[in-house]
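Hey, can you work out the whole structure from these sequences and the hints?
From first to last, the protein sequence lines stand for chains X and S. Residues in the first sequence are numbered consecutively from 1, following this note's numbering. Residues in the second sequence are numbered consecutively from 1001, following this note's numbering.
For the record, the hints were derived by calculation from the structure and aren't laboratory data. Check before you lean on any hint, since a few could be wrong.
Stated by the list, open to error - Residues from chain S that face chain X, not an exhaustive set, calculated with beta carbons under 7 Å:
| id | residue |
| --- | --- |
| 1 | Asn1013 |
| 2 | Leu1016 |
| 3 | Gly1018 |
| 4 | Gly1027 |
| 5 | Ile1059 |
| 6 | Leu1063 |
| 7 | Arg1084 |
| 8 | Pro1088 |
| 9 | Thr1089 |
| 10 | Val1090 |
| 11 | Ala1098 |
Unchecked claim - Quick look at which bits of chain X chain S covers, simulated, 3 or more residues with Cβ under 8 Å:
| id | region |
| --- | --- |
| 12 | 24–32 |
| 13 | 413–426 |
Glycine residues also receive a C-beta, built at the ideal position from the N, C-alpha and C atoms.
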Amino acid sequence: MYEYDQFDRAYVKARVATFRDQVARRISGALTEDEFKPLRLQNGIYLQLHAYMLRVAIPYGTLSSAQMRQLAMIAERWDKGYGHFTTRQNIQYNWPKLADLPDILDALADVEMHAIQTSGNCIRNVTADHFAGAAADEIEDPRPTAELIRQWSTDHPEFAFLPRKFKIAVTGSPNDRAVTKAHDIGLRMVRDDAGEPGYEVIVGGGLGRTPVVGVVVRDFVPKVQLLAYLEAILRVYNLHGRRDNKYKARIKILVKEEGLDTFREQVETEFASLLELGGGPSLVPDPAVVARIEAAFAPPAFEEFAQHDADFATAYAENAEFAAWCDSNVAQHRVPGYGIVTISLKAVGAIPGDASADQMRVVADLAERYSHDELRVSHEQNLILPHVARRDLATVHAALREVELATANAGQIGDIIACPGLDYCALATARSIPIAQDIAQHFADPAYARTIGEMKIKISGCINSCGHHHVGHIGILGLDRAGRENYQITIGGDHTETLKIGERLGRGFDADEVVPAIERLVTTYLDAREGPGETFLKVVNRLGTAPFKDALYPTKETADAA
Amino acid sequence: MPKAASPKIASANDLLGGQVVYLQRNGTWGLDRSLAAVSDDSDELEALIAAAPREPQVIDVALIDVALDDGEAPRPTALREIIRDRGPTVRPDLGRQAAHDAQQFDGSSYHV
Ligand code: SF4
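Have a look at this one:
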């Protein structure tokens, strides 16, 4: 885990003190709302439907137990006893009061957390693979890179007022769990021919109103030149990105309008001149700084276990519920004898991503005891215990069960991403959460869910796509049609390294028609697949969308024939 | 023919708590929707807003459409405003609904 140095600590505390003064001046009336609003947004505070919402950064989704406990304390003391984990690996509080916000930010600063750059047209909180440092398929831990970018981008004066928000994601594994191709910049750690580590740089991806698959702007940037290359991209974007139209301001539009070759040329020219100037310490980080960051992410002291553990084997053989959970929620760790545990925040009936203060504390305790004090938040709105010894899995499972966090559905049809939607979000056009709850309820039978296999359903309550619906195997977009909630369905989206935008099948559905529609898609898939190994996505890729379209919108003949 | 204006009330969020408040018939901002000033004349409501005392301080002032049932409080018609008024449909224990009319508000129903 990265720890703040003296400078970081003083900086974050000073920011809170400044904000405390700004809040006091707003309450006294010395600042108008127009003056105050940008200041609160710079501290991650939005006004939503019912109250303020505080968005707290969780850099690259990594948390310690102490930090999680503090999040629980904040939820209980200043909010309504829960928090919402988001697809940006952040946590949001839905009910804080304005006068309490400086105290909340102070409490966050006490555990080296903040809400800086979780809003506004700046470089946002950097995200990363939630299995970082643990995954068996990893080339390198992406978090030192993400931390370096965090340090470089935090309060970067040149990039504080970009044309629009800017999101960077990093993966250290060829199996992309960070959705890098849907970010303004996606970084994939790779090795060159000589075996030296560096990055493939992807640019111009994004979801939202205009979904675009990011493209490779450079195959390889050596590690030491990364910040210079990022700075070159950001400069080109800052200079040429459109400021006249909010909907055309993201870098994806710039890359499309200029053409990748022209854009690349501009970046390379800027990059070359930065290298010529030597870059200075902000672009060529002091090796001592890099070493400090890398040391902070050094692997914990893993014990040497045999892959086979007799107690685990007995529990697995005798407890079917535990075995099912291991199969779905425990991923392969790079160290023998360990597993990576996904804690599903998607129990049937639960609100995707919500965790109560009690649940947060249990998870913190488990992390402290059984996962080297480490936790992760996934973009799929789950929590991760990255390093659990296989011999401890049964104990961890039993403890999670006590607080309804042991649902064995990771990656399955019930593991649905859903943004807050119209229940909370001021921008929403329809609700997302009840749709997710209804689908989870309908497919609650674990055996049926296992039969269906890997299935990613993603739901957004508006075109902004926080619920990543474009890249869902089944994507659902909530809209408002003449005052009625209406849901458009897409299929064939893919959020991995082979990222693909789903295809819309036809007219939208009323809320109560969504579950039957999903059931028809699932039945069509089960009938068409060539075996249990062929996932929904594979069938869509093999057959195209036509059979699914027919299932959703039967023509007269097909309906008569059925 | 221009469409007949529908009755409206003025809503806002309280600066301190962020919760929804309505412009009351007595010209102040308050929580009670049943006391909200109703008019189908937007100018009249705008004038009332301009004249309202500055305490409590409010933000995001907007006029919203309401339905008027006999003898009942003006009722917002848009789903967004119904949810703002009551609280999240998925958490009937939270928001204004938790205090008063949770039973009227079946969070599982789409027909709120
Ligand atoms: S997708 Fe829309 S409704 Fe959902 S959280 Fe984002 S802005 Fe709000």
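Run the structure past the numbered hints and jot down the numbers of the failing ones, going up.
Numbers 4, 6 and 11 - these are the hints that the structure violates, sorted from lowest upward.
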